[in-house]
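There are 2 protein chains.
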Amino acid sequence: MKEFQLIEQFFRDKGQKRRDVHLGIGDDCALVQPAENKSIAISCDTLVENIHFLPSMPAHELGYKSVAVNLSDLAAMGADPAWMTLALTLPDVDNDWLQQFSEGLFEAAEYYSVSLIGGDTTRGPRSINITIHGQVPTGKALTRGGAKIGDWIYVTGTLGDSALGLDILLGKQDVDPQFKEFLINRHYHPTPRILAGQALRSLATSAIDLSDGLNSDIAHILKASNVGAVIDVNELPLSTSLVGSVGPEQAINYALTGGEDYELLFTVPEAQRGALDTALIHAGVKFVKIGQICAGDKLRLVSNGEPFELDLKSFEHF
Amino acid sequence: MKEFQLIEQFFRDKGQKRRDVHLGIGDDCALVQPAENKSIAISCDTLVENIHFLPSMPAHELGYKSVAVNLSDLAAMGADPAWMTLALTLPDVDNDWLQQFSEGLFEAAEYYSVSLIGGDTTRGPRSINITIHGQVPTGKALTRGGAKIGDWIYVTGTLGDSALGLDILLGKQDVDPQFKEFLINRHYHPTPRILAGQALRSLATSAIDLSDGLNSDIAHILKASNVGAVIDVNELPLSTSLVGSVGPEQAINYALTGGEDYELLFTVPEAQRGALDTALIHAGVKFVKIGQICAGDKLRLVSNGEPFELDLKSFEHF
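Respectively, the protein sequence lines represent chains E and B. Under UniProt numbering, the very last position in the first sequence is 318; numbers go up by exactly one each time. Under UniProt numbering, the very last position in the second sequence is 318; numbers go up by exactly one each time.
Only chain E is shown next, with the shape it has when bound in the complex:
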């Protein structure tokens, strides 16, 4: 099948066409009209079969997740989702797979008001690359570099569920049936914290999304902000399903190193805590304080006032 036909059949003129898209798929380039006084936030992520997702992952879930993980990067900047391009590499042309993949992709795109504006398909081992674009008022973007000594450290949602969900899929863990669906769903269907990111624009001093695991992701904030941090492992938000499935130490290990939570970690000064409560409760997002920024350049984990030792195993791509 021709590249053109693939794109035409499954992706062109599908999904929402935003009013700021002058020209979508079908010319040499797409044309979009940026809003005034906004910066554009741009991020790209590749998902490769057997590295970032299992061959058994349902196509619909993969389509959804491919968009969601990119949206999570926009959330971490406080940006409003806008446009994306898709580069799809496939070993063969499987119409059923493509139909389900595109439905999952557009489900996420519609919900978060993203237009698919460009596509490219090539033959090869299955991988999905999305470049996503958002808009954020100039000067208001959240970055990794603004955390100050004394700021409180927060995370949204719960941590570790996705990694346990993956271990269930891999047959490494067996859990009570009542928890299984929730955990696997957290792995397949992450919730990009777009609303939280938007609400944090004028409140947080730094933010990052948790893709590799809290323990390694927070290091980026510490480095970029030139600070250290103390985190109380007993404050980590754990789901009933995680706590009900593994022992307390393993639960903390999943929460700290599991990866693929796609929750936001952010820092807020004491003076903004009241405004934070108001803003995030209004946005309907659960969040919890887990620690504080301090001097130095290291992360210290504590439990009941004592140092907490962690067996490190963070998710790395190479």
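A portion of the hints provided could be inaccurate.
Since the list gives no way to pick one copy over another, a pair counts as held whenever it fits inside one copy or between any two copies.
Here are the simulated DSSO-like cross-link-like pairs (lysine-lysine), alpha carbons at most 30 Å apart as the crow flies [unchecked claim]: (1) K140 / K17; (2) K286 / K140; (3) K38 / K148; (4) K298 / K14; (5) K286 / K38; (6) K14 / K140; (7) K140 / K38; (8) K38 / K17; (9) K38 / K14; (10) K17 / K223; (11) K223 / K14; (12) K17 / K148.
Worth flagging that the hints you see were computed from the coordinates, not collected in a lab. Quick caveat, the model's predicted, so the values are computed rather than measured.
The hints should help you fit chain B onto chain E, whose structure is shown.
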């Protein structure tokens, strides 16, 4: 090696940082500031080893060409190059290869004032995906859809050299040594027609870049503009090296179907021909008239007033 280290070592803070880039590689997203009253042109292209390039292709040339073919899409819209993201999939971490690839990539990026603002590396069969961004005054972009009956059809540069260069590399053709380097260089080192595209903004009614071969690429203009075309195969611009290497019929075949020329094909109304001459000569770009837009929906090839029969073999990705 960690993904972060790869990006850090070879791509971060390398090359030009444009003043409109607020934040480059190293956060969840890049942040760029679009100019006022401009649309953003966005395109993405994937190059996969053994499909789009030979395993023997030198890394420097591959780095250069990966950017150049994306710039060619911007040229076809009349856009000014601005920013790009790179998703690199590699079978292993080869420092020499990465060094040369990045040098080639930044050579093209510097020359055309593009900043690399985001990167992602994954392990897998070698492929390069670039999403490129340009800016064009709102309403002035060249598209495929504006060709009118009576408009003249032009192309820049010469056609067919790249395909013959590839056939030389594949051992399918053997040519006189005096032509060999030029032809292979045309395959490895295409010239994106950025200046020509900019000059055509107020002159051309439609434009496309020739990546798959004139014969199949012009069909996109005919379909989008709802017109037909007549092309005189004797007017096709052929290089001395092409004409000196193969017979006249084969030369025309290369020029019509070879692909990877990355020249511009565009249409101009009679009333703008004088302005066109002035603008493109000022831009230092060679161009030639090869035919005319007519009623209908087909491409007719003619030679000395007679229909010209072509043995079709256009480049398709699937």
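Hints versus structure:
no., hint, in the structure
1, K140 / K17, "both (26 Å within a copy, 21 Å between copies)"
2, K286 / K140, "within (23 Å within a copy, 46 Å between copies)"
3, K38 / K148, "within (26 Å within a copy, 37 Å between copies)"
4, K298 / K14, "between (47 Å within a copy, 28 Å between copies)"
5, K286 / K38, "within (28 Å within a copy, 39 Å between copies)"
6, K14 / K140, "between (32 Å within a copy, 26 Å between copies)"
7, K140 / K38, "both (9 Å within a copy, 22 Å between copies)"
8, K38 / K17, "both (20 Å within a copy, 19 Å between copies)"
9, K38 / K14, "both (27 Å within a copy, 26 Å between copies)"
10, K17 / K223, "between (39 Å within a copy, 22 Å between copies)"
11, K223 / K14, "between (42 Å within a copy, 20 Å between copies)"
12, K17 / K148, "between (41 Å within a copy, 27 Å between copies)"
The structure meets every hint from the earlier list without exception.
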